[in-house]
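*Asks:* Read off the chains here:
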Amino acid sequence: DAKTTQPTSMDCAEGRAANLPCNHSTISGNEYVYWYRQIHSQGPQYIIHGLKNNETNEMASLIITEDRKSSTLILPHATLRDTAVYYCIVRDTNAGKSTFGDGTTLTVKP
Amino acid sequence: KAGVTQTPRYLIKTRGQQVTLSCSPISGHRSVSWYQQTPGQGLQFLFEYFSETQRNKGNFPGRFSGRQFSNSRSEMNVSTLELGDSALYLCASSYYTNSYEQYFGPGTRLTVT
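Keeping their order, the protein sequence lines are chains A and B. To convert a position in the first sequence, counted from 1, into the numbering used here, add 186. To convert a position in the second sequence, counted from 1, into the numbering used here, add 671.
Hints are supplied without guarantee of correctness; some may be wrong.
[Said to hold, decoys possible] With the Cβ distance kept under 10 angstroms, some of the chain A side facing chain B (calculated, not the full set):
| # | residue |
| --- | --- |
| 1 | THR194 |
| 2 | CYS198 |
| 3 | TYR220 |
| 4 | SER227 |
| 5 | GLN228 |
| 6 | PRO230 |
| 7 | THR265 |
| 8 | ASP268 |
| 9 | ARG277 |
| 10 | SER284 |
| 11 | GLY289 |
Keep in mind that the hints were calculated from the coordinates and are not lab data. Idealized CB from N, CA, C, for every residue including glycine.
Bound conformation, chain A alone (with noise of 0.2 angstroms):
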């Protein structure tokens, strides 16, 4: 399955936008990327998946390179409680599950 790589931390200033980039330079054509996070002692939250179309929803939007090499999950307008831990998974529905990676802990800050 496809290697993804994250910062390990970032900050954004509350009401901006914050970009998280993911890298997933090993994707391969059916491979799905999907994007969670986890807010300090609550289960990991689904936030949105694509293929290689860009997609938005009312939490996110998400990015995605053509090469689809990369992608970036961008939240509008970060709030204090969008401080999480975000993670990138990039998997084929096929290949079954794995672990999670390290993620990228945001910081929204006042």
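With chain A's structure known, arrange chain B on it following the hints.
*Replies:* Same frame as chain A, now just chain B:
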């Protein structure tokens, strides 16, 4: 629609004992996955059940086992507890097996003394 529920939320056990954790998935979801989360190892996949059958398994010893019932509720069991089993155990449900569009419960915090 109610979310994933896990019981108990907190548990303290002694080394050598066994423990059973329970997970009720979102209504209509037939897949239940279990994860162990520790500060040092992160979020590690234990196993997944779909339609009462184990479909995927992570790299954990045989002391960790699970099962799923016909109503999709799942239990996981850890026998002969070790201090290193202290962790947050998370359950996630989804409609299909192998799906990463999963919805997690709040977890069970297990402390082994």
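*Asks:* Next step is simple, just say for each hint if it's right about the structure.
*Replies:* Consistency of the hints with the structure:
no.	hint	result
1	THR194	violated (13 angstroms)
2	CYS198	violated (23 angstroms)
3	TYR220	holds (4 angstroms)
4	SER227	holds (8 angstroms)
5	GLN228	holds (6 angstroms)
6	PRO230	holds (5 angstroms)
7	THR265	violated (21 angstroms)
8	ASP268	violated (17 angstroms)
9	ARG277	holds (5 angstroms)
10	SER284	holds (6 angstroms)
11	GLY289	holds (8 angstroms)
The structure is inconsistent with the numbered hints 1, 2, 7 and 8, although it conforms to all the rest.
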